[in-house]
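Fit chain B to the known structure of chain A by using the hints.
Protein chains in written order, with the numbering used here: chain A, 2 to 216; chain B, 2 to 216.
Just so you know, the hints here were simulated from the structure itself, not pulled from any lab data.
Where hints are given, some of them may not hold.
Put simply, identical chains are the same to the list, so a pair is met inside one copy or across any two.
[Unchecked claim] Here are the simulated lysine to aspartate or glutamate pairs, DMTMM-like style, with alpha carbons at most 25 Å apart: (1) Lys54 x Glu17; (2) Lys25 x Glu35; (3) Lys25 x Glu171; (4) Lys204 x Glu171; (5) Lys198 x Asp145; (6) Lys54 x Glu6; (7) Lys25 x Glu56; (8) Lys198 x Glu175; (9) Lys204 x Asp174; (10) Lys54 x Glu24; (11) Lys25 x Glu55.
2 protein chains.
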Amino acid sequence: MVIQERALRTRRAILEAASIVFEKRGFVAAPLSEIIAASGVTKGALYFHFASKEELARGVIEAQFSAMGQLRLQGSPLQQAIDSTHAVAHALQHVPLVRAGVRLVIEQGSFTEPDPEPYLRWVEPAQAFLEQARTEGELCPEVDVLAVAQLIVALFTGTQLMAQVLTQWEDLDERITAFWRVVLPGLAMPEALRRLKPEGAVKFPDGPEVPGSAG
Amino acid sequence: MVIQERALRTRRAILEAASIVFEKRGFVAAPLSEIIAASGVTKGALYFHFASKEELARGVIEAQFSAMGQLRLQGSPLQQAIDSTHAVAHALQHVPLVRAGVRLVIEQGSFTEPDPEPYLRWVEPAQAFLEQARTEGELCPEVDVLAVAQLIVALFTGTQLMAQVLTQWEDLDERITAFWRVVLPGLAMPEALRRLKPEGAVKFPDGPEVPGSAG
Numbered sequence: 002m003v004i005q006e007r008a009l010r011t012r013r014a015i016l017e018a019a020s021i022v023f024e025k026r027g028f029v030a031a032p033l034s035e036i037i038a039a040s041g042v043t044k045g046a047l048y049f050h051f052a053s054k055e056e057l058a059r060g061v062i063e064a065q066f067s068a069m070g071q072l073r074l075q076g077s078p079l080q081q082a083i084d085s086t087h088a089v090a091h092a093l094q095h096v097p098l099v100r101a102g103v104r105l106v107i108e109q110g111s112f113t114e115p116d117p118e119p120y121l122r123w124v125e126p127a128q129a130f131l132e133q134a135r136t137e138g139e140l141c142p143e144v145d146v147l148a149v150a151q152l153i154v155a156l157f158t159g160t161q162l163m164a165q166v167l168t169q170w171e172d173l174d175e176r177i178t179a180f181w182r183v184v185l186p187g188l189a190m191p192e193a194l195r196r197l198k199p200e201g202a203v204k205f206p207d208g209p210e211v212p213g214s215a216g
Numbered sequence: 002m003v004i005q006e007r008a009l010r011t012r013r014a015i016l017e018a019a020s021i022v023f024e025k026r027g028f029v030a031a032p033l034s035e036i037i038a039a040s041g042v043t044k045g046a047l048y049f050h051f052a053s054k055e056e057l058a059r060g061v062i063e064a065q066f067s068a069m070g071q072l073r074l075q076g077s078p079l080q081q082a083i084d085s086t087h088a089v090a091h092a093l094q095h096v097p098l099v100r101a102g103v104r105l106v107i108e109q110g111s112f113t114e115p116d117p118e119p120y121l122r123w124v125e126p127a128q129a130f131l132e133q134a135r136t137e138g139e140l141c142p143e144v145d146v147l148a149v150a151q152l153i154v155a156l157f158t159g160t161q162l163m164a165q166v167l168t169q170w171e172d173l174d175e176r177i178t179a180f181w182r183v184v185l186p187g188l189a190m191p192e193a194l195r196r197l198k199p200e201g202a203v204k205f206p207d208g209p210e211v212p213g214s215a216g
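Just chain A, same shape as in the assembly:
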């Protein structure tokens, strides 16, 4: 049990060091030696946990999803969809692991070895929120749930990419608010539209913690 805990801690240290190096240099240019030095583990320990740089990158992407999977939101389904995008925006601003994961998905997973999986895993929760919104009568009848779920992921991806380039994510939150402000009239029934908050219903404190996350 103690050994397992230590192994988990080592794995975590490697992932955190890797996320900093991947975020700074990108997948192709990131040297494993720099990740080893930054994590303070031996080369052997790194290879025990991750057989290759590719596997390490997958580990960073995976860790990003498990961090976000712990989010607990409240409110109507559409409000939860809105709040989850603000939560990811907050994580992008404060958590290197999330930033590195997103960079890897966009660079490696979109160009070098196109991999739909990370995108589809973002689509899943969006689709679940929208289906729930349909059940609860929040959604306009003409909305195609799967198409719009994919669209929301695409819109978030583009918005965060542009916020990164233009302002180093500083105004990402306002951009996400602007995106919901434009998109909601085409999604939500008038009654829902009146009470939905495009700016999010949850206030995130400065710092890496995401409120409602279990760990």
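Below, chain B alone, put in the same frame as chain A:
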């Protein structure tokens, strides 16, 4: 004059070869030797036109913009904004230079050396369409023209990125249509909304030519 024409043709051949190699391998992994071999020019000729790989990448990005700058569209300003996104979608499917330009902007210009300029140059025409739409009464009064112009570029970027990963751009056009279908109710006045075509008002033939482009 003949010499200048030949120089332009050499420059064009280098850019086309570079776009194929950049598109396949990305900026970091693209070897200049492969670009030289593919373009059929000497190393000296390449360096005469482009002093470095960075400069070559800027040339590819630039060529992409000049191709799109030749677009001539008709119809109401909002319809032209819609049609221009379908034109870029069409170019992405058929013109390697445009695909390479977009990959370079996203990889190199967003991560390796963040450069807002290419994004801002896409924002300009979107802003011009929206301002014209405001003058002609197509736009809802609460729309913030600059914020929405940036949003449209972000949305297009994310949509094309996801279409590339999921379907190699095959369904990009339907995704662009879905994006306008969701976004237009938040942008256009009811009268304009009734006549606007989210699927675009121009039919693009299969192949690299963009109708209305002057060259």
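**Request:** Would you pick out the hints that fail for this structure and give their numbers low to high?
**Result:** Violated hints: none at all, because every hint is consistent with the structure.
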